[in-house]
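Participant: Chain A is fixed; fit chains B, C and D onto it per the hints.
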Amino acid sequence: MGKNKVIVNKDYCKGCGICVSVCPVKILKIGEDFKVEVENEEKCIGCGMCELYCPDFAIIVKKGITV
Amino acid sequence: MYTEISLDNLRVKKLPHIWCAGCGNGIVLSAILRAIERSKIDKDKIVFVSGIGCAGRSSGYVNFNTLHTLHGRPLAFATGIKLANPDLQVIVATGDGDLAAIGGNHFIHAAKRNIDLSVIVFNNFVYGMTGGQLSPTTPEDSFTTTTPYGHIEEPMNISYLAIAAGATYVARETIGNPLMLEKYILNGLLHKGFSLIEAVSSCVTEFGRRNNLGDPAEYVKFLKDKSIPFSKVNSVESHDGIVVGEFVNIEKPEFVTSYYELVKKVAK
Amino acid sequence: MKTEIRLAGSGGQGIILASILLAEAASIYDQKNVLQSQVYGAAARGEISKADVIISDSEIYFPEVRSPDILLTLTQDSYDTFIKHIKLTTLIIVDDFYVKTIDKSLNNYVFSITDIALNTTQKRISSNIVALGIISGLTGVVSLDALTETIKNHFKEGVQKNIEALYMGYKIGIGGKNG
Amino acid sequence: MKERLMSGNEAVAIGAIKAGCRFFAGYPITPSTDLAERMSKLLPEVGGAFIQMEDELGSIGAIIGASLTGSKAMTATSGPGFSLMQEGIGFASFSEIPIVVVDVQRVGPSTGIPTYPSQGDIMQARWGTHGSHPIIALYPSSVKESYDLIFTAFNFSEKYRVPVIFISDEVIGHMREKITVDDSHVVFERKKPEVPKEDYLPFDSRYEVPPLANFGEGYRFHVTGLTHDETGFPTSDPVKAERLMERLQRKILNHLDEIFLYETFLVEDADILIVSYGVVARSAKEAILELREKGLKVGLFRPITIWPSSEKVLKDLASNRRVFVFEMNLGQYVHEVERIVKKKVEFYGKENGEIISPEEIESCILKSL
Numbered sequence: 000m001g002k003n004k005v006i007v008n009k010d011y012c013k014g015c016g017i018c019v020s021v022c023p024v025k026i027l028k029i030g031e032d033f034k035v036e037v038e039n040e041e042k043c044i045g046c047g048m049c050e051l052y053c054p055d056f057a058i059i060v061k062k063g064i065t066v
Numbered sequence: 000m001y002t003e004i005s006l007d008n009l010r011v012k013k014l015p016h017i018w019c020a021g022c023g024n025g026i027v028l029s030a031i032l033r034a035i036e037r038s039k040i041d042k043d044k045i046v047f048v049s050g051i052g053c054a055g056r057s058s059g060y061v062n063f064n065t066l067h068t069l070h071g072r073p074l075a076f077a078t079g080i081k082l083a084n085p086d087l088q089v090i091v092a093t094g095d096g097d098l099a100a101i102g103g104n105h106f107i108h109a110a111k112r113n114i115d116l117s118v119i120v121f122n123n124f125v126y127g128m129t130g131g132q133l134s135p136t137t138p139e140d141s142f143t144t145t146t147p148y149g150h151i152e153e154p155m156n157i158s159y160l161a162i163a164a165g166a167t168y169v170a171r172e173t174i175g176n177p178l179m180l181e182k183y184i185l186n187g188l189l190h191k192g193f194s195l196i197e198a199v200s201s202c203v204t205e206f207g208r209r210n211n212l213g214d215p216a217e218y219v220k221f222l223k224d225k226s227i228p229f230s231k232v233n234s235v236e237s238h239d240g241i242v243v244g245e246f247v248n249i250e251k252p253e254f255v256t257s258y259y260e261l262v263k264k265v266a267k
Numbered sequence: 000m001k002t003e004i005r006l007a008g009s010g011g012q013g014i015i016l017a018s019i020l021l022a023e024a025a026s027i028y029d030q031k032n033v034l035q036s037q038v039y040g041a042a043a044r045g046e047i048s049k050a051d052v053i054i055s056d057s058e059i060y061f062p063e064v065r066s067p068d069i070l071l072t073l074t075q076d077s078y079d080t081f082i083k084h085i086k087l088t089t090l091i092i093v094d095d096f097y098v099k100t101i102d103k104s105l106n107n108y109v110f111s112i113t114d115i116a117l118n119t120t121q122k123r124i125s126s127n128i129v130a131l132g133i134i135s136g137l138t139g140v141v142s143l144d145a146l147t148e149t150i151k152n153h154f155k156e157g158v159q160k161n162i163e164a165l166y167m168g169y170k171i172g173i174g175g176k177n178g
Numbered sequence: 000m001k002e003r004l005m006s007g008n009e010a011v012a013i014g015a016i017k018a019g020c021r022f023f024a025g026y027p028i029t030p031s032t033d034l035a036e037r038m039s040k041l042l043p044e045v046g047g048a049f050i051q052m053e054d055e056l057g058s059i060g061a062i063i064g065a066s067l068t069g070s071k072a073m074t075a076t077s078g079p080g081f082s083l084m085q086e087g088i089g090f091a092s093f094s095e096i097p098i099v100v101v102d103v104q105r106v107g108p109s110t111g112i113p114t115y116p117s118q119g120d121i122m123q124a125r126w127g128t129h130g131s132h133p134i135i136a137l138y139p140s141s142v143k144e145s146y147d148l149i150f151t152a153f154n155f156s157e158k159y160r161v162p163v164i165f166i167s168d169e170v171i172g173h174m175r176e177k178i179t180v181d182d183s184h185v186v187f188e189r190k191k192p193e194v195p196k197e198d199y200l201p202f203d204s205r206y207e208v209p210p211l212a213n214f215g216e217g218y219r220f221h222v223t224g225l226t227h228d229e230t231g232f233p234t235s236d237p238v239k240a241e242r243l244m245e246r247l248q249r250k251i252l253n254h255l256d257e258i259f260l261y262e263t264f265l266v267e268d269a270d271i272l273i274v275s276y277g278v279v280a281r282s283a284k285e286a287i288l289e290l291r292e293k294g295l296k297v298g299l300f301r302p303i304t305i306w307p308s309s310e311k312v313l314k315d316l317a318s319n320r321r322v323f324v325f326e327m328n329l330g331q332y333v334h335e336v337e338r339i340v341k342k343k344v345e346f347y348g349k350e351n352g353e354i355i356s357p358e359e360i361e362s363c364i365l366k367s368l
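Residue numbers (numbering that gives the first Met the number 0), protein chains in the order written: chain A, 0 to 66; chain B, 0 to 267; chain C, 0 to 178; chain D, 0 to 368.
Rather than coming from a laboratory, the hints here were simulated on the basis of the structure.
Where a beta carbon is used, it is the ideal one built from N, C-alpha and C, also for glycine.
Among the clues, some could well be false.
Quick list of in silico lysine to aspartate or glutamate cross-link-like pairs, EDC-like style, CA-CA up to 20 angstroms [unchecked claim]:
#, chain 1, residue 1, chain 2, residue 2
1, C, K1, D, E229
2, B, K12, D, E345
3, D, K296, D, E345
4, D, K143, C, E63
5, B, K12, A, E40
If the Cβ cut is set under 8 angstroms, some of the chain A residues that face chain B in the computed set are [what the hints assert, rightly or not]:
#, residue
6, K13
7, G14
8, C15
9, G16
10, I17
11, V19
12, D32
13, L51
14, Y52
15, P54
16, D55
17, F56
18, I59
Quick list of the computed label-pair ranges, beta carbon to beta carbon [as the list claims (entries may be wrong)]:
#, chain 1, residue 1, chain 2, residue 2, range
19, D, E188, C, N106, 55 to 65 angstroms
20, D, K239, B, N104, 30 to 40 angstroms
21, C, S55, B, D86, 49 to 59 angstroms
22, B, N248, D, G330, 55 to 65 angstroms
Here chain A stands alone, though its shape is the one from the complex (with noise of 0.2 angstroms):
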């Protein structure tokens, strides 16, 4: 079993903040540049969530990687 990815597009997400309110782990904040960061990603389920209710196409998130 590998580990999930949250991968964060800065240059297109606006720190919206609904990802972060989406997200079941609550490992997702907005940062000092107010753009979205991942904390503790290894606690990452890989919902998906982040990704679908992200507007602005910033969050891909790929499940399993083996590392």
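Facilitator: Here is chains B, C and D on its own, set in the frame of chain A:
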């Protein structure tokens, strides 16, 4: 994840888009692109038509044949495209003002013809691009820049109007449930006839700010919480919230097909 | 040589059709320069109906008939209206079935157009064809052959009946000229 | 080769089909309705599409959409409908989509007199839509010319990627004359791109008239009514905006030799030049013959291409001649004539439903002597 948006279908050089932070339009467009991906339609045959307003800008970001038309007229342009070349899959992205106010007549008649167009209306209750004026769907008592004392009219029910006019596929979902929204859009794309998917969206900057919905995340949650399944009320309308679901899904003769059957009969 | 013809009656009498047949006969078969025009709109639906045909050996510029050389009137109303716009020499063809009161000082040619139509085709509507025959016989502005060909070309049914009506009109037209 | 008697509107319909028109969208309005009726009969016979839209806003939109799929497309209307179509005409001008709009003029303003002629839409044809847009407007004065000129309208539209306004009037549209319907006309087909799909620029400024791909052929380009760059995407860069504007003007004005069509009638020895067009030019010809009987040397300049006008042609014709303009409005084209000839121009006009008669023209000229 789920159905990943193919970057090939986005004009990535045009991103980030012009929509405000937290604008629901991006969630709707994302659902449209996932639905297109799942539909397996030939991308070169897709013509993505839009009108004027925030929703109208969506055509600039998707990598198909795209046409950004005049205010209220996307259905008229789309009608010409579909009738002139029935092989094309014509998708229309429009807003509540674009479709139901200035374009209201085209909306009624396109639905009445049951012409094979897939129409997704980004309904955010307000004119966002021009700075937050009332739209046909602005809820009663809410505040906009042209209803500073509160709105005195009842809002228009776009789905209800589509049904009355003769649309053969009508569904509504909010950005609070993007997966279902995607599913309805997919159904609409695959449906032969006039399909109308009412995507209830958010406008944080112009509507939310004046109506206690200024936080994007809370706005999404609000729409989700306000949603009432169609199966529960069996009505397109409810005073308690936003009825969501698939309202109509029927087969009826489609305009362009009928037209070319007629041509076959009379062609010399 | 230029002849201006005005056909007038009431909507439903086939005035417009008669003007088109006349124009077609004169232009396509007689090879003249021809211009046809008609009244559009509400006037064409039950009220006075009017159509003009200009037939000329040379090019026709101004498209309107002001004072016709020939005026056909199939109703009293149209008679009363259009004698206001004629010249002294205007030849007026009148159907005595509908036009009862005429100005005797004018150049009237009175025929029983509707009666002849009824006797020939048993249809009142054929009076327009009878009238065309009369115009041809009386004035020679269009040939009988040209009208015959036009009718053959134009009608799908009742060609023979219409030609009969045309010939009857032509005969009394010739008679009218001589009498 | 077949001689037929037909109306001006009918000649436009039949000519349009022969010119390759395969799409018509329209809304009934007198005196253009019979043109739509004729198209509804003819188009299905050749496999083309006819649709009666819900209004003129829809009609113009539909033909622009159809044209983007490669179809030659037309609509027909009259004053009030022409007003509604202006936003679409602006769109087609700016995004360079070939369409033909027939405007059979009737008395205005507003609903006016539906069944009577006028020439009140001359300025609307030029400036009805907002912004500095290019346009071509053609105006026949006979049934035969209606037939011939509709080919020209489609050819110019396709060649220059521009909306062509085919102006007519109630008289020309409804009167019947003999014409010969044949296949002698040259038909121009739209230039298609020859570059690889990924290199295609729908508004490539290396061309005066960039080739236009059809929707559905894999080019996936963007069309907008917003000011756009060569790629077709919106821009607010003044330099790019100016480059586009400049090319739009140039693609028409550099080709006046081909685009500017006109007729002269007895001008060689004329001391007096009448300027009139459409149905009034017919009255003028009759008046000129009468005036010449009276010993006055009068000639006619009849612009067939109403917009754009050729300064050179008109200047040359007007030099050393007195100039009279007759038109069925209260002064529209006369402003263009005055602008060009830069001297006193005498004007007579009316918009009351009557054609300006040869007698009116005669008396106007005789009185001025």
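Participant: Compare the structure with each hint and give your call.
Facilitator: Hints, one by one, checked against the model:
no., hint, result
1, K1(C) / E229(D), "violated, 59 angstroms"
2, K12(B) / E345(D), "violated, 59 angstroms"
3, K296(D) / E345(D), "holds, 17 angstroms"
4, K143(D) / E63(C), "holds, 18 angstroms"
5, K12(B) / E40(A), "violated, 29 angstroms"
6, K13, "holds, 4 angstroms"
7, G14, "holds, 6 angstroms"
8, C15, "holds, 3 angstroms"
9, G16, "holds, 5 angstroms"
10, I17, "holds, 5 angstroms"
11, V19, "holds, 7 angstroms"
12, D32, "violated, 13 angstroms"
13, L51, "holds, 5 angstroms"
14, Y52, "holds, 6 angstroms"
15, P54, "holds, 3 angstroms"
16, D55, "holds, 5 angstroms"
17, F56, "holds, 6 angstroms"
18, I59, "holds, 7 angstroms"
19, E188(D) / N106(C): 55 to 65 angstroms, "holds, 59 angstroms"
20, K239(D) / N104(B): 30 to 40 angstroms, "holds, 35 angstroms"
21, S55(C) / D86(B): 49 to 59 angstroms, "holds, 53 angstroms"
22, N248(B) / G330(D): 55 to 65 angstroms, "holds, 60 angstroms"
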